[in-house]
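Produce the entire structure from the sequences given, and follow the hints as far as they go.
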Amino acid sequence: MDSGKGNLLVVDGDYSVRSSITEGLARHGYSVVGAASGEEGLNRLRSEDFDLVLLDLQLPDVNGIELLSRIRRDWDDVVVIMVSAVGRVETAVEAMQRGAFHYITKPCRPDELAILVQKGLHAAVMDRRMAGFRLMQRQRFGVANIIAESPPMKEVLALVGKMAGREGSTVLIQGESGTGKELVAKAIHYESPRADQPFLAVNCAAVPTHLLESELMGYEKGAFTDARNRKKGLLEMADGGTLFLDEIGEMDILMQAKLLRVLEDKGVRRIGGTAMIPVDVRIVSATNQDLLEGIRENRFRQDLYYRLHVLPIYVPPLRRRKEDILPLTAHFIGHFNRELGREVEGVSRMAEKFLLEYDWPGNVRELRNVIERAMILEGTSQILLEHLPREIIERTGGAKSGTLNFQLPPDGVDIEEVERELIRQSLELAKGNQSHAARKLNLGIDAFRYRMKKFGFL
Numbered sequence: 001m002d003s004g005k006g007n008l009l010v011v012d013g014d015y016s017v018r019s020s021i022t023e024g025l026a027r028h029g030y031s032v033v034g035a036a037s038g039e040e041g042l043n044r045l046r047s048e049d050f051d052l053v054l055l056d057l058q059l060p061d062v063n064g065i066e067l068l069s070r071i072r073r074d075w076d077d078v079v080v081i082m083v084s085a086v087g088r089v090e091t092a093v094e095a096m097q098r099g100a101f102h103y104i105t106k107p108c109r110p111d112e113l114a115i116l117v118q119k120g121l122h123a124a125v126m127d128r129r130m131a132g133f134r135l136m137q138r139q140r141f142g143v144a145n146i147i148a149e150s151p152p153m154k155e156v157l158a159l160v161g162k163m164a165g166r167e168g169s170t171v172l173i174q175g176e177s178g179t180g181k182e183l184v185a186k187a188i189h190y191e192s193p194r195a196d197q198p199f200l201a202v203n204c205a206a207v208p209t210h211l212l213e214s215e216l217m218g219y220e221k222g223a224f225t226d227a228r229n230r231k232k233g234l235l236e237m238a239d240g241g242t243l244f245l246d247e248i249g250e251m252d253i254l255m256q257a258k259l260l261r262v263l264e265d266k267g268v269r270r271i272g273g274t275a276m277i278p279v280d281v282r283i284v285s286a287t288n289q290d291l292l293e294g295i296r297e298n299r300f301r302q303d304l305y306y307r308l309h310v311l312p313i314y315v316p317p318l319r320r321r322k323e324d325i326l327p328l329t330a331h332f333i334g335h336f337n338r339e340l341g342r343e344v345e346g347v348s349r350m351a352e353k354f355l356l357e358y359d360w361p362g363n364v365r366e367l368r369n370v371i372e373r374a375m376i377l378e379g380t381s382q383i384l385l386e387h388l389p390r391e392i393i394e395r396t397g398g399a400k401s402g403t404l405n406f407q408l409p410p411d412g413v414d415i416e417e418v419e420r421e422l423i424r425q426s427l428e429l430a431k432g433n434q435s436h437a438a439r440k441l442n443l444g445i446d447a448f449r450y451r452m453k454k455f456g457f458l
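Here my numbering is used: the first residue of the sequence shown is 1, the next is one more, and so on.
In short, the hints are calculated from the structure, not lab data.
For glycine and all other residues, C-beta sits at the position ideal for the given N, C-alpha and C.
Each statement offered as a hint is correct.
Within a straight-line C-alpha distance of at most 27 Å, the following computed DSS-like cross-link-like pairs (lysine-lysine) qualify:
1) K232 with K258
2) K119 with K5
3) K162 with K266
4) K322 with K431
Simulated DEER-style distance windows between Cβ atoms:
5) E215 with G346: 41 to 47 Å
6) R349 with D446: 18 to 24 Å
7) L292 with P208: 25 to 31 Å
8) F133 with E112: 29 to 35 Å
Below, the structure written as structure tokens:
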């Protein structure tokens, strides 16, 4: 059984009603079969694939509400519309609570029923798309996708796993700019029981103070001049999920007091409104500031700090996790190969040396930008030293090794070591430019590159 519009099952003990519904929906292009009892309906569900079930409340062999629960348990992707000759509000509420898409009373007009079926099938499609999107987000942002070869980052991932389980507690993520605090926040969310609910983020430094309250709290129609319609705030929209407050240290002191009230009351009051709206939202905040210093300088509320600081986590800077630099580099090369349609194979050994010795004040974000820049501007199959920004070459590498001593020692010297050092120093002086370095040694570019390969610089 297959229909382009959908496969439907009508479970009703009344033959005339069952036939009427079946024939009416068939005229609208659906593939429809009927079942005279709950047991027959279950047998049909076991043997065939259905998109939607129209289920009578009063069946000859089973209570329709109980059958609804069983269908939702065993076939949770099937939409169920309850049909009843009795329009009791209590029954309708119970049916909706147990997972029914809708509840209608007999007699059913075919055209209205067809519209309702169409809405139910559309909702199911949207639910499947959303479920697929959430699965993709979970796979993309879970801990398995955080590169952590260094001991400090392995500790971070261990903490993420523990914090994800404490899904109601606030988390404060601290660390320098560019270390990946938002990535850690997403991992906490997508590894938690809240993973199927929204993850929303706001940068407190990017939203003007006078707009941040309406962004977080929402507002009622007419609350101010431009409030033409009611608007939910992010706290309401994130209900059941996680709200990530980035750069929390930039939040205005008055707004801090309002956020504290939300955390204490577990509810939000829209601007211009009087009702307290309950919200179940986990607050994960992040900062690159010393909030304790902010408390001493009266820029940050101490009571809010302790509310946010229930589960603290520190993301180390890249200079403290050198083991992650080359794996991150490989990850970014793979990413930009896909995005830019390139086939860059990796980084030369000389470039790797400079990447590892650089202090990365901009952290992972800076490394990402360096790789992106090199892959956009250069057409080679490998990222070479000369493709790196000047500041990386100037601040790192061979400058730390001293200069070559040309005085021959009594025991002699390995000429290849001398040649290797000359190649290294020429590259350093030429800021990685191979042509300029070759000229400093009075070598042609091919001879120079031959020696670079020989001594491991390419």
